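**Q** Taken in order, the sequence shown gives residues 5 to 163; the numbers are from the working numbering.
Don't take each hint at face value.
Pairwise CB distance ranges (calculated) [stated by the list, open to error]:
no., residue 1, residue 2, range
1, 39, 93, 30 to 38 Å
2, 108, 64, 28 to 36 Å
3, 149, 88, 15 to 23 Å
4, 96, 129, 26 to 34 Å
5, 79, 129, 27 to 35 Å
6, 148, 108, 16 to 24 Å
7, 113, 42, 33 to 41 Å
8, 88, 128, 31 to 39 Å
9, 153, 68, 28 to 36 Å
10, 155, 102, 17 to 25 Å
With a cut-off of at most 30 Å between alpha-carbon atoms, the simulated BS3-like pairs for lysine-lysine come out as follows [what the hints assert, rightly or not]:
no., residue 1, residue 2
11, 39, 83
12, 83, 42
13, 96, 39
The set of hints was computed from the structure by calculation and includes no laboratory data.
Small disclaimer: the values here were computed from a predicted structure and weren't measured.
Glycine residues also receive a C-beta, built at the ideal position from the N, C-alpha and C atoms.
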Amino acid sequence: MRIKFLSFIIAVFTFALLFGCVSRFEQLQTDMAAKGIKPLTGTEIKDAFTESSFHGFTRTARGSVVEYTVYNAVDGTTKGRAWGSWGEDSDKGKWYINNLDQYCTEWFGKWAHDGVRCAVVYPGIDQNEYIEAIVSGKKSKGNPDGIYRFKLTAGDTTN
Numbered sequence: 005m006r007i008k009f010l011s012f013i014i015a016v017f018t019f020a021l022l023f024g025c026v027s028r029f030e031q032l033q034t035d036m037a038a039k040g041i042k043p044l045t046g047t048e049i050k051d052a053f054t055e056s057s058f059h060g061f062t063r064t065a066r067g068s069v070v071e072y073t074v075y076n077a078v079d080g081t082t083k084g085r086a087w088g089s090w091g092e093d094s095d096k097g098k099w100y101i102n103n104l105d106q107y108c109t110e111w112f113g114k115w116a117h118d119g120v121r122c123a124v125v126y127p128g129i130d131q132n133e134y135i136e137a138i139v140s141g142k143k144s145k146g147n148p149d150g151i152y153r154f155k156l157t158a159g160d161t162t163n
């Protein structure tokens, strides 16, 4: 009897894992589709992000708040700055739009441990707000679902 009960619990847990759990990215896709909002095309991302900076917040693996800004130059270079109660950090790299209409970044310094990361980008609710969902590459320990909300500003605000 005890083995049957244990088997039943394992089966229910397995079913919930396989069919009942929806990732935050899948939920984002569902919510946006329900509102009639589609991801930006590569051209739309390039037009919005070139010669612009985005500013947002995330968390470290230990839960500290991180404020950040990233600038995307017309030549495909990018630079970022992050700061919080833990201090400040910066890096440089490159950005591009891949053949799947995803925004991709590759950092060359301290942030290089993340490797190439590519994201689907949605327009946000507010003007100049965007939602980035990492779909390939390493996600940070402080933001394991890989979803970032940020505001876009013309020009370089990383200084």
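**Q** Now tell me if each hint is right for this structure.
**A** Evaluation of the provided hints:
For residue 39 and residue 93, the Cβ-Cβ distance of about 35 Å falls inside the hinted range of 30 to 38 Å, so the restraint holds. Restraint check, residue 108 to residue 64: a C-beta distance of roughly 23 Å breaks the suggested window 28 to 36 Å. A beta carbon spacing of about 20 Å between residue 149 and residue 88 agrees with the range 15 to 23 Å that was offered as a hint. Residue 96 and residue 129 have their C-beta atoms about 31 Å apart, which keeps the hinted 26 to 34 Å range intact.
In this structure the hint that residue 79 and residue 129 lie 27 to 35 Å apart at CB holds, the actual value being about 32 Å. A hinted range of 16 to 24 Å holds for the C-beta pair residue 148 and residue 108, which are about 19 Å apart. Roughly 34 Å separates the CB atoms of residue 113 and residue 42, a value that falls within the hinted 33 to 41 Å. In this structure the hint that residue 88 and residue 128 lie 31 to 39 Å apart at CB is violated, the actual value being about 23 Å.
For the pair residue 153 and residue 68, the supplied restraint of 28 to 36 Å is violated, since their beta-carbon distance comes to about 18 Å. Our hint of 17 to 25 Å for residue 155 and residue 102 holds, since their Cβ atoms are close to 24 Å apart. The suggested pairing of residue 39 with residue 83 is violated, with an alpha-carbon distance near 33 Å, which exceeds 30 Å. Between the alpha carbons of residue 83 and residue 42 the distance comes to roughly 28 Å, so the proposed pair stays at or under 30 Å and holds.
Taking the CA atoms of residue 96 and residue 39, the gap is about 36 Å. The hint is violated against a cut of 30 Å.
This entry does not satisfy hints 2, 8, 9, 11 and 13, going by the numbered hints stated previously.
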